[in-house]
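Novice: Residue strings, one per chain:
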Amino acid sequence: MASKWFHLVGFVAAISIRLTFSLSGASKVLQHRVEVVTPTNSLKRLAEARWLIDNGMSPYEGWAYHASPCYVYLLQPVIGAIQRQDARLSKISGTLLCIAADLLAAVLLQAIVFRACKPGNFESASGQDVPSCSAVEAHGAKQLDLTSPEERKSAYVHDGASGDAPFNDLAGILYLLNPYTIAACIGGSTGSIDNCAVLLALYGSVNGSIPLATFGLVLASHLTLHPALLIVPCFLLLHQGLDRRKPCQPPPASDTIDIAPRNQNEPPTKKRPAMVDISTYRESRTGSGVILLAAFFSIGLGFWTVALLALCKVLLGERGSLLQMWKATHGFILAADDLTPNIGLFWYFFAEVFDHFRTFFLFVFHYLVLVIMLPPLTIRFHHRPLFLAYVILGLTSIFKSYPSVSDAALYLGLLPAFARELRQMRFVFVGVNGLLVASVIGPVMYNLWIWKNVGNANFFYAMTLVYACAQAVLLIQSTAAVLQYDKSRNSPQDLST
Amino acid sequence: MFAPPFHFHWRLVYVVLSAFVICASTAHECFSEELLVRPLPGGKVLIHFHFVSQLGSGANRHHKLFSKAVDQLVRKFSLQELELSFTQGRWDYTRWGAAEGIAPLAAKPPGVELWSRLSAESEAEADATWRNLTHALSGIFCASVKALADPATKVVPILSFQKKGADWRTHLLAAATRAPSEGEKGDAENECGGTAAGRTLETCSLGAGNKEGIRLGHTRYGALPREAVCTENLTPWLKLLPCRDKAGLATLLERRRVYGGSYHALQVHIWAGGAPAADVRTASASGSCLEPATGAGREWSGDRGCEGASSGDVGGRGDDVSARARGGIVLEQTLTLVLDVGEGVGIPNENPAGGVGHMASKQAVSLADVFGRELTGSCPLADVSRIYTEGRRVDYFGEGFSGASVNPQPKWVWSAEGRSKTLLEYDLKRATLGQPLNVSLPYDGANQPAAERAPFEVSRFVTGHGLERGGIRLELTRLAGGEGKTVVRYFQLLPWFIRVYFHTLRLEMDGRHVALSDWTERASLVPAKDRERQAVMELELRIPADVKRVVLSMEFDKGYLRIEEHPPDGDRGFDLPSAIVTFPSVSGGVAYRMSDGDSTGGDSRGLEGRPLLARMQADLPVRVYTSGLLIPLATPDFSMPYNVVTLTSTVIAMIFSSLFNTLLQREAGKPAGNAAPDDPMGRDPIGEKQRTRSLPIATLWKTFARLWNMWVDLTVNS
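Residue numbers (full-length UniProt numbering), protein chains in the order written: chain A, 1 to 497; chain B, 1 to 718.
FYI, nobody ran anything at the bench for these hints, they're computed from the structure.
Check the hints yourself; a few may be wrong.
[To be verified] Derived pair list, reagent style BS3-like, types lysine-lysine, alpha-carbon separation capped at 30 angstroms:
| # | chain 1 | residue 1 | chain 2 | residue 2 |
| --- | --- | --- | --- | --- |
| 1 | A | LYS327 | A | LYS313 |
| 2 | B | LYS411 | A | LYS327 |
| 3 | A | LYS327 | B | LYS529 |
| 4 | A | LYS452 | A | LYS28 |
| 5 | B | LYS429 | B | LYS246 |
| 6 | A | LYS28 | B | LYS529 |
| 7 | B | LYS68 | B | LYS429 |
| 8 | A | LYS313 | B | LYS529 |
[What the hints assert, rightly or not] Cβ pair distances, simulated, as ranges:
| # | chain 1 | residue 1 | chain 2 | residue 2 | range |
| --- | --- | --- | --- | --- | --- |
| 9 | A | SER321 | B | ASP510 | 41 to 47 angstroms |
| 10 | A | PRO375 | B | ASP571 | 43 to 49 angstroms |
| 11 | A | GLY302 | B | MET710 | 27 to 33 angstroms |
| 12 | A | GLN76 | B | GLY573 | 36 to 42 angstroms |
| 13 | A | PRO375 | B | ALA124 | 43 to 49 angstroms |
[Unchecked claim] Far from chain B, some chain A residues (derived; all Cβ distances over 10 angstroms):
| # | residue |
| --- | --- |
| 14 | VAL9 |
| 15 | LEU316 |
| 16 | SER321 |
| 17 | GLY434 |
Yeah, the Cβ is synthetic: ideal placement off N, Cα and C, and Gly gets one too.
With these hints in hand, go ahead and build the complete structure from the sequences.
Specialist: Printed below as a string of structure tokens:
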């Protein structure tokens, strides 16, 4: 277990790495990298927006700005330095801002993961305690009396000892030391702050705080639109608490139903708990509770939305309307009009696709995530809202119109929360190496194409495909592993046969 | 000669008046053809054709001389003013000058430049008119002017081309219109947010009221730097002339010579309706020449006019003229050529008159030499047909120039005020018939007078490399003779895919960074919007007298275009239109005074009937067009849209299908429903994938239905 000192050292190391790189000129290289800076999170565009406002125009008047108006005002000192093109100052202030955002994100992430991995984490929001997972497991295992010692052992190994989530208190440091996070921070983008907002939503949900959760949700959706998909997992988190490992069913008070026939090598009876028995979870909330929660949740969302829009309107003043803001921010994200190369799948596709199919494919791309993927995932992972959030964030990172590495950093940062479940994950090698390859060869290909002018767009395009595939492999395999884990935990008897 | 109390803009009056005066001779239509030849250093000669057609207001739709196409254009699109130029080659400001006489008329940016002021009730209507106008011009001139109809290339200039306020008119492009008087200028500034000195941007409201919109017009500007100019543009241009190229000066236009030169600018300039009339009215108020010459026949009788004006009935006649001018149309067509004559470059000796192909250092060069064709006479339909040759006085009247063989003989000699230039005027209408018409000028290849240049040398270039980003840098270097405090106006268009960051605008004076707002009198910076509009930069800089070098720089990101948005040779790069640097404080007009000549025949000694001279005398703004920029953009692979669509779609399909498959896997592994509880296959967590049994649709459906029921159960019913 990591001590406090260990944490301190980790944080200091993370900060010093950032400062060192930043001061040594790495930010000069990274601040233009398409992997780090996208049209929606660029600090340079922010400075342009500030300039427009200073000159009495709406920040959305020009081609440049596609993020929230709040940034323009909140980040005034940073932008001022950038505008003055005071090289050293802008570099430092941009980095300091990102470091602060990263630290906040790390703390939030640490809190989320710590709570997610804590034994007995699935005490429900209603305060009704459910016996801790480990206790259940231990009890179950004991009761089950697995036939062979090996199997018993394997079951334990598979499960992992309770509380032995190896990364639960390292999540923050892992997030901070993730090369993607570091790159995003040094390059200087608002991506770190966007991540903070998402984590705030999750943190609020995990802690059962409706105001905080809804605030984070509204803020994150306002900033980058896609976190709006997190409404579902956040609601589920508020509704039923953290991820339950399905197998951890409360031990039957005194029954030996399962064991008796097993000893006789008889097939399990129908009495054994159904695999996805809804009744197990329902007790956490009564019907009126759900309705009440939903009401509070929507009130929270509505309140914060109104508050945020009012703030935007106040900030924009007479210069611009909210409709114009929406068109320039969320509309811009949906329409994917800026085809500047990035690490996503959109830019090259929509540069090449025939004009009359553009709208259709745009629809399909968004539809896939929203309608085809979200409901099945929700149905499948309704008992694991945090994992659902992770999958949604992963999908977002792949299917965003302007993704950057900070999006990947966000969902990778959540992985430690599922360390126990993901032990059986397969194709980790493929996925991780895919990410490595894309991260190393991608810039090389980009360099060949854009700067050396010896390659063409396909060089970089191939790397974006690799990046998408690698992320997809990690995502799908983690999904499979969690399902597998749940299944194995759900029917431990099956192991015996 | 008369010396009336001239208004500040009196020179301009001649442009209009001369047209009217000519017009009077043929009722409502008239036509003049003029040619200016000017030697340039470096073995080149500039030839400027200047044709003016005038349609009186009362004319019906049957024209004798005036081009019907232009008339229809004006009527249909409610044009107030229009200027269209087709240019090939680059005007050499260093050697050919920028600040005097013909240069401001002749220098144009490469490609097509169109500028027009339209009467419209609203901006939207003006946009629609502009769109139709560009299409019509495309048809008339066989050019791709219609590309300017794309809203992404349309520009609504705020400072530079806009006629602002009461009578404020810019003099950036509207060369023929008068410069604003000081008072009016002040008004305009107030109206336009006079406190702009401290701000780098002004928000002038563009749309005046409906009536204002009709009266002042809406300005639109567009430039196509890449348009190739060829004979297919010249032929329709010639069709607008009454004699085409069958007679008169236009017969000289031998295509190979025209397009073999270093520079070639074909221009059309139309004034219609109220704009000139206002000037006439101004003129009437100031009591200058009003009386249209009513002399019969083609012979010019210019001894009228001024006397008539002084006879007293000023007001009434002035109104009369302005009323007639209101509906009139003036069509000015010019063609400027810079051709090689020196050292035999490109000029084979094939002229029938036996001229010389090789020019000695001091030699006469004749039109026949230049064009390889002889002039056969003037256009019979023309009211005025004159040729001017320019040079130093000493060349004409010193020794060594044998102008004796010239037919016709030079009739008048004009000298420029304050300059050593001399202009010889030949009247083709007085040429002796039956003799070959030829005009020559002394050409002293090595010893040409230095061209009068703008106060600053202007250069603009792109910085940086690579296809991702870059910068644009404008450098102004003060030239000898350009001392003093100078006001510089900078106008620049940037297509939307050149994503310029205005916050990176930096002004440097003599190597020191200074705040842009401290030195900006007025400015209008309009940021671009993707696929919607171009970025327009208009800055008016005040440059102190002691500053030698001014640098304006900005950064941009290069956009990435869709595959259809690239031109056929996308890898060549994109041309940026020329920027325009104007020096409003420098006057480009040259006042010519008649100094000498054959005074027989009672010809006018003023500028009436000499539209070209009047034009050159008008207070022309000194403009310098920078060279265009070529910016390469990153291109997609043009050969593989299908591959990309299929590859990306495959990846996405794989991602979704495998994710979906994973989600369903467990249900599949589970004994379907309650059947086969002892199925051993379903127990192995790892080996689940090895299950080869395909998922029957029924099972899938059942699974889904169950999941859905659970979901409903969970959320709603509970």
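Novice: Evaluate each hint against the coordinates.
Specialist: Hint check:
For the hint pairing A/LYS327 with A/LYS313, the CA-to-CA distance comes to about 14 angstroms; that is within 30 angstroms, so the pair holds. Using a Cα cut-off of 30 angstroms, the hinted pair B/LYS411 and A/LYS327 is violated, with the two alpha carbons roughly 69 angstroms apart. Proposed proximity of A/LYS327 and B/LYS529 is supported: the alpha carbons are some 13 angstroms apart, at most 30 angstroms. Taking the CA atoms of A/LYS452 and A/LYS28, the gap is near 19 angstroms; set against the 30 angstroms cutoff, the hint holds.
A threshold of 30 angstroms between alpha carbons decides the hint, and for B/LYS429 with B/LYS246 the separation of about 16 angstroms falls inside it, so the pair holds. Restraint check: the Cα-Cα separation between A/LYS28 and B/LYS529 comes to about 27 angstroms, which is no more than 30 angstroms; the hinted pair holds. Taken as a hint, the B/LYS68 and B/LYS429 pair is honoured in the structure, with Cα atoms around 26 angstroms apart against an allowance of 30 angstroms. Taking the CA atoms of A/LYS313 and B/LYS529, the gap is near 22 angstroms; set against the 30 angstroms cutoff, the hint holds.
Against the hinted window of 41 to 47 angstroms, the Cβ-Cβ separation of A/SER321 and B/ASP510 comes to about 44 angstroms, which satisfies the hint. Checked against the given bound of 43 to 49 angstroms, the beta carbons of A/PRO375 and B/ASP571, roughly 46 angstroms apart, stay inside it. Distance hint check: the CB atoms of A/GLY302 and B/MET710 are about 29 angstroms apart, consistent with the given range 27 to 33 angstroms. In this structure, A/GLN76 and B/GLY573 meet the distance hint of 36 to 42 angstroms, their C-beta atoms being roughly 38 angstroms apart.
The supplied range of 43 to 49 angstroms is met by A/PRO375 and B/ALA124, whose beta-carbon atoms lie about 45 angstroms from each other. The beta carbon of A/VAL9 is kept farther than 10 angstroms from every beta carbon of chain B, the shortest such distance being approximately 38 angstroms. With a closest Cβ-Cβ approach of about 15 angstroms to chain B, A/LEU316 is found to remain outside the 10 angstroms limit, as its non-interface label requires. No beta-carbon of chain B is positioned within 10 angstroms of the beta-carbon of A/SER321; the least distance is around 16 angstroms.
Every beta carbon of chain B lies more than 10 angstroms from that of A/GLY434, the smallest distance being close to 12 angstroms; the non-interface claim holds.
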